[in-house]
Amino acid sequence: VTSAAKAPVADEQAPVPLDEVEKELSRQLRLLQKKDGLVHRVRMSNLIVVARTREEANRAAGDVPGIVAVHPARVLLLVALPGADTSGVTSYVRVRGHETGHDRQACTEQVTLEAAGASTLRLPFAVRSLLVGDLPTNVWWATNQPPAMGGPLLAELSERVQQIIYDSIGWLEPARGVAATAVWLTHIDRDGGAGRWRVASDLNWRRLKYWRRLVAQALDPASAPGAIESIREVVVEHGPHAVVQAWELVSFLAQRLGWQVLTGRVQPNVEIAWRFMAPSGELRVRIRRLEQGPPEIRRLRIECALQGQPAALELLAQGPNRLATVPQGVGGAPRTMTVPPSTLAELIGRQLSDRERDPVFTESMSVAQSLARSVLG
Amino acid sequence: MAVAEHPTRLENPITAAMPPTLLPQPCVLVILGGDGDLAWRKLLPAVYNLNVDGVLPSHFAVVCFGLPSTKEGESGDADEYIRSRARDGISRFSRQILEENHWNDFARGLFFVRGSFNDARAYGQLKAKLIEVDHQFGIPGSRVYYLAVPPPLVETCVVHVRDAGMVADPEEHVAFTRVVVEKPIGKDLDSARDVIRVVAQAFAENQTYRIDHYLGKETVQNVLVMRFANSIFEPLWNQKYIDHVQITVSEEEGLVHADPATGEVVASRVGYYEGVGALRDMVQNHMLQVLCMVALEPPYSLTPDVVRDAKSSVLNCLRLMSPDDVKRDVVRGQYIEGDVNGQLVAGYRYEVREFFKSRKQPIPPKSVNSTTETFVALKLYVDNWRWSGVPFYLRTGKRLPKRASEVAIQFKDVPPVLFNAHPDVPLEPTVLSLRIQPEEGLSMRIASKLPGPKLRIYPVKMEFNYSSSFGDQTPEAYERLILDVMAGDATLFMRRDAVEAAWRFCMPILEAWERMPALNLPEYQAGTWGPIESDRLMESDGRTWRNL
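Heads up: the sequence lines are chains H and Z, in that order. Under the working numbering, the residues of the first sequence are numbered 1 to 377, in order. Under the working numbering, the residues of the second sequence are numbered 1 to 548, in order.
FYI, nobody ran anything at the bench for these hints, they're computed from the structure. Where hints are given, some of them may not hold.
As the list claims (entries may be wrong) - DSS-like, lysine-lysine: derived pairs with alpha carbons at most 27 Å apart: (1) Z/Lys461 to H/Lys35; (2) Z/Lys449 to Z/Lys412; (3) Z/Lys71 to Z/Lys187; (4) Z/Lys71 to Z/Lys327; (5) Z/Lys42 to Z/Lys187; (6) Z/Lys71 to Z/Lys127; (7) H/Lys23 to Z/Lys461; (8) Z/Lys42 to H/Lys34; (9) Z/Lys357 to H/Lys23.
With the rest of the complex left out, here is chain Z (with noise of 0.2 Å):
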């Protein structure tokens, strides 16, 4: 099903034949949980780095919205309180380092509203402090709303927005609303469709931008590129060529972050992660994603709905499992204590328990024993005609060895003549593989024959690496997906029916996992890759997981 694209706005003569990914329109950027840690961590860096580097508009601004996190938030000058809140996230994580004379033109545009989520009077004021903000910098009423609030609130957020007045209708041509929502979008299917429903009282789908930061790494964009812009890949791609596919995102964190110096815990995301697990944090949103990218069928325009169009035909093609499918197929794993970097660390249920102690609650029934899965590996099927018996093997967990994400396409071995005759040492498989991160490129792992007279076959990789040709700065997903929204390019962000279609494969593995005893969970030490029983997935098919 493909969406209207955007309504026809207000066309400026002189940008009328310019590409309009490059050219983010004129807004007000109005961060929803301003003061949070998604605002102070990634999104306030990520907007001072576009500004450094020349692409804002010029008419722009930034107004946060919410109740304080800290004291010193609650009384005292609103503006100065997110500006210093700021130039903290920024000091600490931005790409680039924070400069005066940037940082004073950043904070010139950046205002705070004081004001309880589900406070109606909040959002009135909220609704003039935009007014004069347009007026200040000549903004036309246009909003980007982000929703970086805690998923219970979203649909509180959403209606007083709208109930105060403040979505334009999305045929509205001089000044647009649009809203990112962030994940997770639901814990199931149904409470997926609960917060699309939530969000679709006030804003259109051709105003809604679910975000997957995923999806605004270059080297997942260049997948596409590499697939459709050489020739010699695309006729390879496919269930003739190509043996299997693996992707893997492995992390070295864990859910506790401590201060190398200290020790001492300064942020646990046990919080959202416990009763979460990988499958939904990781498999749900990141992985399919990545996925739908490398199985998807040459679109015919890269306008958004048509890329969107075959990424859900990707997701609507993924075949679902049966309660044995997911007994044979899928395998969870929990870290426990072990050694990651030369480092002792905690093994997942010790945090779980920690983090309720330090914040004086009783821990849950559910998680004295947490069976949270910190480790997913499964092996999953593209039903279509180009996909059909191509395994894709997914694994992702924590406090694994090291962080590294990739793709890797394991094309199908030659023939056991000439070279390959010797099936006591067989050859090493062609294998491409896109590494995400880090150190993001692609490289080729391809035989070849050692010199000297007799004759030895020996693997050897062709490198591209990233940063060698364009440099070390490439800007962070978030700083790409801010500029598309402000654009109005949705691309690279999750429809629903891709939303939905991403649950509808995953739930028939929760279902299954809800209904078998937490027992069976599989342990692995933390620094390993995961459970034996991942790897033994992957030797009952003759395969083995790719060193990283």
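Extracted from the complex, chain H is given alone in its bound form (with noise of 0.2 Å):
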């Protein structure tokens, strides 16, 4: 991982022409390079990050020098504000410089875009004149909206990319969320055809990746014989705004093992049940809030029967960069499984490179709109 980028070299509040945009990033890297040295231009993708509000924006904008870090790109930051319409769009550019090791520099650029009410569609016409050509082209879409309620505007910039990012974290309708995205998933699967290649990414999904891996591990009928048949109850508990994390959790259980949701219900912030029939029999699971921590799962109950025996495994977060399985009613040692630290930026970063279309999620998701139907009635 390369260090953090430095600070810009040009006022990032001046405006510059749209027509002008291109010989600005030139001057603004001539100038780091008087400064730092050799210092090289760095694409692999181009990235369009949508905000809808100032804050997002400038959160998002917060998080470019580690994502750049991670996977140089061009970005191309969309401020699509509400309100009443502005006269067209406003641009400002940004080049950074950061070290990638064996003394090299790499410079990545920054411009952001800037609109409001109707002219806010005129955004991807300014990005199509921004794009680096040959490169691909990623959506971030950086607002905590599902992307399914993300109107023309996210419809039009999703048109020619090759990967539409989004954060399911702190959604605040999940059940609906959920559902919606489902649907929407499918379009952009479909609607990927013709020879062109598109996949949408959940980073909430991303971030499930070692429980995912820890619950295959912890089940896996080669270490423990007779427990994935034996699951008579499962619970997941998770911290504030980590719901839909822990429903696609579920999701990705229920489709792997093959369980059909009977029934399903809600008491609002404490917790979600569902009942599924299981190919051996029926079983339940609840999706617990806790009152605080941080948002994400923190402990997965299965209780199953371990060596013959009634036991349970309790899978659970051991500090910030740990996960343990810990077997309940037979002998053992916690193991345990590292979860490398990784930020919000580096995510994205990690992710950008990584555009393989994964079919558990596409049908994990299925699975949860199922299990959102049950909730919603």
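Both chains are sitting in their own frames, so use the hints and assemble them into the complex.
Next comes the structure, spelled out in structure tokens:
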């Protein structure tokens, strides 16, 4: 991982006419080269960041240095503000340098494009002229609304991109968000046809990577024979704002193990419970919200049989960088797995290089939709 | 010949559709020779890094086995001994710094069983420990045995492991057993066959992983990606367009490692290297494996044995040399005193003498005036349709001016018309260079017009640098390879037929050298690019070695 970016060489607040952006980028690069010596222009992707408020834009802008340190990209930060129409699109330019090892410097470019009201629909036109040709283009939907509710701006931007990245953490209406996004995902997959490659990626699914791996290893028939077939109850506990993460983990388990949802019930801000029919019988799953703590899954308890007797597997977050499986009712030490620390920026940076379609995600989201229907009625 | 891939394993429904290479399976990594130099420098730091990166299975432990190499290890708590040694190795050699949080987790699953390699009872104790660790960490009896022992001990270890009932049937579908065999696989074809036979007494071919750490390097793997994921290279990748290929592996280091501050000798590889030499140490394995990646035909899939079939085909097409070919096309050399990076360094023979002196051993007669080559350069041919008539030039040596490994594909000159019409100022040929280390990446030298009214052509370099694009934290080769063994992916490991084919190619050279008077061993000053004969080898073909 490369070091964080240095301070900008030019004041971002000075607007640059749209048709002067490329010239300004080159000028700033030359300044950087004068200041820091040999600096390479490195761009592996175009990254279009979409924010709908200034707060979202500021937050996203704060993550850009961390993103490009992991995955050098030309960043186009779109600030699509609500309210009265502006006369057009205002643009700002910033070139950043960062060390890449072997005493090398690389630079990446950020262009901020701001518009309000109806002018926001002019942003995709500005974007087209600024994309670097022959590089993959990604959209990061940097808002806390599901992408299914992205409206014409996101639809237009998504038309010719290879990846749309969103984050389901903190969605205000999880069940509706999950249901709508599952439908939206099928459109993304289908409309990306005709030789065009396009995927949608939820950062929450990426965060779940180690939980998914841990649960797979905990229930592996070689290590825990008979455990999968004997599951009676699953309880997932999560911190505030992480209900969709827990939902996706349950959907993953249900999809992988062939569980069919029977009924669902919500106790707002407390618990969501489902009854499933598994190949070996009925079981219950509950996801519980903890009052405090980080927005992530904290514990997964699986009641099952181990070594032929009633037991449980406790999967826990042990500090910020480790997960552990602790068998209960039978002996044994905790089986641990490191979770490398990852900021939001690093998560996005890694996701930019990871453009493979993940059928397990798509299928799990289809199950997530069934779960949503069961609780929405 | 394609051998069976892996027996059907008990399927985990949760991971059923996921790519297996991403999923190392729960197991115990058993390092025989676990407190030795290889484990200390490479293996334990590699496993620690895998732990930090979160790629190890949760159900995993490391058990080291052997007689302690230090006094502290002979008594006291065996587990604490290996933890202390591992901690030291990780602090010195790990890619990532040692952090207490990760170290504590790693150390919790690290154990040591003291025992002599030829003591059957010790293997009984090892077995008991493994069963205990299985139970503790929920491991289903799967083992990866890493033979980090000197070659003469391989047979002893393998036979004892088998006799102690510690090898699962290759068709067993719950617990697997795999063995990792380090180089050298023999000193010649016969002894290589012996090593293969010895290991086969206990392990089936599909349980055997012969490691060549060069194949774990990202850039070596990238050769295949570059060739087969880009449409422009493969149509040109043949005798019609390629003039020749150069593969260089140069090392600044000699056989003795001194502390840069004090000048004191901290390690010496003379004991291993003397009598082995550069051809056996580098060419027979690393360089021929890299050559295979450059020269292989497109495999029809990326499954391990399909790729390995393609590599074996290359080795089987290497033209075997006659004694006259060896005289003409192979150059060996040995370094004498010289200057590397501004430091005066000793010659090889001096290092040999000092090595035996430090061990208070008499110098063996063959080593008194050692003829072990520390440099070798050779020209070889791959006799198949694609490469007919294209020379491959290989050079490797110790105490060369810099550490650099690369493969360079030099394309044929454009016809001598238009821009190449002046024989006194020929155009520089187009060269694609794949840098393996350091500064991993690739570059392409092409001709370009200099700006201005006059027509002037100048060679320019297009560069791709791994660290600029992907950051500076590329995993070490051993990390990748250990993970592959745990995942049961043998693609990057040498199959027995490939090992034998590589030795078959080297044997005529070794035999010719054996017959040649030792006086003909050219010398080169440390800090130069090898003996003058190496340059003449190229010049006689109207070519030159690349400046690295």
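Hints the structure fails to honour: 3, 4, 8, 9
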